[in-house]
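Enquirer: For reference, the chains in residue letters:
There are 2 protein chains.
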Amino acid sequence: MDVKIDMISKIVPREISPSSDVPSSYLVTCDLQYLEYVELDVLLAPNACDIFSDRIRHNAEGFAKVGGDSIRLSRDTLPPIQTVRDGVAGAYQGRSWFLPQDRYSHVKRGNFATVEHNHLKFFRDLLGENRVLANSSDCQAYNVDWIRSVRGYSQCVLKPKTAQEVSEILAFCDKHRLAVCPQGGNTGLVGGSVAVFDEIIVNTALMNKILSIDEISGVLVCEAGCVLETLEDQLAEKDLMMPLDLGAKGSCHIGGNISTNAGGLRLLRYGNLHGSVLGLEAVKANGEIMDLLSTLKKDNTGFHLKHLFIGSEGTLGIVTKVAIQCPPKPKALNVSFLGLQSFENVLETFKLARKELGEILSSFELIDALSLDVVTGYHGLKSPITDYPFYVLVETQGSNVAHDEDKMNKFLEMAMKTGVVEDGTVTNEDSKMKAIWALRERITDGLLYDGYVFKYDLSLPIKQFYGIVTEFRERIGKDAVRICGYGHVGDGNIHLNISVKEFTQDILKRIEPFVYEHTSQLRGSVSAEHGIGFRKPKYMHYSKTESAINLMKDIKRIMDPNGILNPYKVLP
Amino acid sequence: MDVKIDMISKIVPREISPSSDVPSSYLVTCDLQYLEYVELDVLLAPNACDIFSDRIRHNAEGFAKVGGDSIRLSRDTLPPIQTVRDGVAGAYQGRSWFLPQDRYSHVKRGNFATVEHNHLKFFRDLLGENRVLANSSDCQAYNVDWIRSVRGYSQCVLKPKTAQEVSEILAFCDKHRLAVCPQGGNTGLVGGSVAVFDEIIVNTALMNKILSIDEISGVLVCEAGCVLETLEDQLAEKDLMMPLDLGAKGSCHIGGNISTNAGGLRLLRYGNLHGSVLGLEAVKANGEIMDLLSTLKKDNTGFHLKHLFIGSEGTLGIVTKVAIQCPPKPKALNVSFLGLQSFENVLETFKLARKELGEILSSFELIDALSLDVVTGYHGLKSPITDYPFYVLVETQGSNVAHDEDKMNKFLEMAMKTGVVEDGTVTNEDSKMKAIWALRERITDGLLYDGYVFKYDLSLPIKQFYGIVTEFRERIGKDAVRICGYGHVGDGNIHLNISVKEFTQDILKRIEPFVYEHTSQLRGSVSAEHGIGFRKPKYMHYSKTESAINLMKDIKRIMDPNGILNPYKVLP
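Chains F and Z, in that order, are what the protein sequence lines are. Those letters in the first sequence? Residues 1 to 572, by the working numbering. Those letters in the second sequence? Residues 1 to 572, by the working numbering.
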């Protein structure tokens with residue numbers, strides 16, 4: 001069976017047979033959808049092929065087979081790759097024929113009720129006909145995550161417009177033991193925002209009003225279904241910006257960003273959502289509306305409950321409104337690209353950057369020689385600097401063009417004078433900045449020309465940031481085509497890549513579980529920013545102790561005693 | 001009965017009768033202790049006198065009487081006031097004769113066990129003789145908060161050195177139903193860190209090791225009993241600083257800062273502790289050690305539990321270790337002082353400051369005319385600018401002296417050109433900056449010359465920031481000596497002051513509960529940064545909904561089912 005891809009620009013399967021879970025033929029046409037992160041890949045294996053993202057690597061073998069046939073793709077049909085700001089949007093196609101019960105056979109449906117006519121009647125009375133989707137084809141798009149890693153078979157999608165409606169829905173579901181899957185823009189990478197079985201999907205798309213933008217304090221208050229890019233556009237008119245930026249910004253909802261504690265491209269500079277979210281409103285499983293929608297910077301009256309809803313991926317409540325502290329829009333941008341002789345020098349340079357660039361440092365990205373080799377080799381990009389074992393990309397964002405340029409120049413001067421940096425270039429020209437960023441962003445898609453790539457997205461203490469690459473070079477050696485590392489030094493977030501000619505169980509066993517154990521021993525994180533969702537609960541113990549997981553379960557129990565909210569997700 | 005004060009420089013009562021709760025005479029000599037906040041006042045009432053802080057204003061009448069006698073102080077014995085960085089360290093003296101059961105008679109001792117010999121034996125076996133204090137005079141200092149607002153009668157103070165010891169203590173106490181009061185530097189202002197009755201005090205003073213300072217990432221890891229100033233000093237050697245700064249930094253423990261979500265002077269610039277604390281270790285009531293001591297910026301593996309311990313004031317666990325992201329130490333400081341015609345112009349100026357000063361803006365403080373009048377009148381300070389209804393103090397902290405000066409000048413130029421600011425002065429000379437800060441810092445202690453001052457520390461939405469002052473001018477009018485407002489515009493935190501010649505119930509009734517209701521209606525906070533502790537649970541409902549309070553109680557129940565941790569505190 002062949003799968004053809006005409007065009008990639010957004011993930012909209014044009015034709016998937018609605019009548020069967022395992023259709024016999026496909027013509028899938030996709031449009032490009034930006035990823036919020038670099039880790040989605042297109043991989044072309046030597047013979048039969050897989051197209052899959054790093055996120056679903058563990059199921060790669062499964063993906064290669066459909067109903068006993070291999071999906072075949074020639075090199076010619078390899079989909080085009082389009083670079084994005086901080087990564088590569090990869091291509092994949094309608095994998096929706098893999099129902100979770102096939103791939104995740106260990107997961108059993110919970111003891112929940114099944115949606116019946118009287119339930120639908122209640123929802124229609126509450127929301128009207130148009131905001132209750134209850135036939136298979138209408139529900140289809142809501143049942144599949146956009147990387148097609150999980151597909152449920154929900155027969156009921158609800159689109160509330162207010163927290164009050166969400167409240168009545170949840171109270172009803174709780175009473176009738178109906179499982180619920182909260183869903184925002186459905187851009188997550190761990191299957192957290194789609195049904196696993198037949199959960200009722202509560203989609204926030206129609207809760208999309210901006211309630212206020214305070215130009216003076218910089219506080220934005222809006223409903224959870226607002227699309228991140230829409231907020232960014234509205235704020236820009238007032239010289240403000242969102243404190244977070246993601247590749248998925250054109251689709252993702254702010255409520256989902258908060259529920260997943262989305263990281264993104266501005267974290268080094270503007271911090272995480274636990275710092276910038278001033279308040280929120282969320283509905284608990286029993287329908288209770290938790291009004292925590294403070295717009296205050298200081299409020300020490302009792303436990304700080306809002307944080308329970310930030311990053312718990314919809315398992316403790318559905319976020320319905322948010323208040324966010326927005327920084328002023330920067331007026332100046334500078335990018336430099338540096339060559340260094342050792343990882344120790346990279347660290348010294350980072351220290352110097354923190355000191356000299358101080359408040360304007362916005363990115364500090366590492367690229368090792370074998371990573372740069374990917375983009376100069378396969379993509380034919382030109383690097384302004386060559387022949388170093390390490391390269392660093394430094395970006396500044398500030399409020400004054402001349403000052404920022406001056407700071408950057410002084411930083412470079414000192415870095416070169418002390419010898420930690422041997423060569424470097426700097427620019428504030430838009431095209432040149434983009435060209436430098438491409439050296440970082442296109443590594444991911446270039447790597448796939450090596451063969452099969454084992455990819456890991458890890459947070460590690462900064463001193464041990466690169467050690468894991470060296471470690472694997474010792475462990476795997478020449479059995480790999482390439483073992484390289486690149487990533488956000490500033491955030492301690494490395495992308496470890498081990499490419500081989502062909503996937504083998506033997507290589508996998510030499511990598512896992514060692515990579516997780518090693519990360520765990522260094523107190524690192526096995527999921528830096530994508531969360532746990534449906535696909536990673538079994539890895540949580542590598543980054544969280546049993547006590548912590550037990551406390552999470554205790555909290556789940558009191559906030560959602562019937563377990564109706566996003567079951568099968570997050571908690572192991 | 002007279003109370004004499006020889007010297008104020010630290011709060012160490014030299015002589016308080018150890019044998020009686022109501023001694024008949026006093027000679028109290030104090031050393032100055034910096035406050036972490038402006039709100040502690042010395043008040044000289046016209047006849048009999050009170051010396052009290054705003055924090056205990058509600059009990060002011062009680063303080064005026066000791067055993068039927070008024071405490072008398074002539075103007076001459078009014079203690080000297082010493083200004084501190086962001087406020088005034090006030091004086092007070094041995095009020096330890098007011099046991100909580102006198103002043104807080106509505107609070108009843110919980111059904112806890114009483115410390116017995118076999119309990120003490122267990123503690124001595126665990127910690128040794130020296131780290132178990134068990135006689136009245138040894139325990140005395142630990143039983144009283146430093147503003148003498150609450151005094152317990154604990155007969156057992158424990159000084160563990162490790163989390164393991166804390167764990168064994170709590171497991172034992174939980175098993176034997178012994179109530180526990182966690183205590184850090186005991187610098188809180190709401191009575192949260194002292195025993196109310198006979199709770200066992202677990203003091204963190206000996207858990208004071210700095211475990212690591214990573215110069216590259218700026219991550220500090222240390223034990224909970226480290227004094228903030230010690231950390232600041234150690235970090236300074238590595239060109240780093242703590243992301244928070246408090247007046248109480250010479251005494252307060254970082255564990256207490258985190259447990260109370262301390263705000264302080266750098267919040268506008270460096271954000272709150274929910275953003276800068278990367279991880280922590282805490283011991284639950286049952287002795288379970290929660291290892292959440294991540295040093296990572298990105299870790300989305302499950303619920304973000306650390307936030308439960310930030311700001312819950314020791315009621316959910318005892319923080320034993322912390323990991324904090326520390327910013328680089330600034331190299332440049334600038335201060336300007338501006339005159340403005342309206343509060344609207346203040347807001348416009350704040351907006352302009354956010355835009356032009358951007359990343360280097362570190363303080364934006366409002367002083368209204370009647371507030372400035374206090375320091376120029378009573379204290380004889382000279383203001384560089386006069387005859388405006390509103391004044392603003394703007395401070396910058398940055399990494400480049402010339403750039404910051406340039407930005408500040410450009411900001412001032414634009415502010416004057418558009419007319420929002422009518423007059424202004426700017427300086428980076430240390431003595432001049434201090435002189436300008438004194439205009440802001442000395443308002444609090446100057447106000448007491450008016451008579452009796454009703455003081456409120458509120459967070460309000462920025463647009464309604466000053467409205468409450470106008471509101472009270474209409475409500476109280478000429479019955480007050482002065483109704484003024486000043487505070488942190490940048491953080492939405494105003495200090496409302498209503499001074500009268502003499503305290504009367506009538507005036508009180510015209511102020512309260514209106515001031516709380518008004519704050520509540522505007523979704524403000526009735527405790528901006530000091531927390532709830534022992535003294536404010538009854539006000540929590542003005543800033544938190546019933547649902548939120550119920551969820552707090554649910555969480556308390558699962559994390560401390562026997563309620564042994566800091567009873568009588570926080571939860572209403």
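Certain hints may be false.
If several chains are the same, the list does not tell them apart, and a pair holds so long as it fits within one copy or across any two.
[As the list claims (entries may be wrong)] Derived pair list, reagent style BS3-like, types lysine-lysine, alpha-carbon separation capped at 27 angstroms:
no., residue 1, residue 2
1, LYS209, LYS463
2, LYS509, LYS478
3, LYS238, LYS331
4, LYS417, LYS331
Since the hints were made in silico from the structure, they are not lab data.
Enquirer: From the Cα coordinates, with 27 angstroms as the cut-off, is the pair LYS417 and LYS331 best called within, between, both, or neither?
Expert: Cα proximity of LYS417 and LYS331: across copies only (21 angstroms, versus 29 angstroms in one copy).
Enquirer: As a check of your reading, is LYS238 near LYS331 (CA-CA no more than 27 angstroms) within one copy, between copies, both or neither?
Expert: For LYS238 and LYS331, the Cα distance is within 27 angstroms only inside one copy (13 angstroms; across copies 31 angstroms).
Enquirer: Which holds for LYS509 with LYS478 at a C-alpha limit of 27 angstroms: within a copy, between copies, both or neither?
Expert: Within. Shortest intra-copy distance 16 angstroms satisfies the 27 angstroms Cα cut-off; inter-copy 82 angstroms does not.
Enquirer: What label fits LYS209 with LYS463 when the C-alpha limit is 27 angstroms: within, between, both, or neither?
Expert: between (44 angstroms within a copy, 21 angstroms between copies)
In summary, the structure agrees with every hint in the numbered list given earlier.
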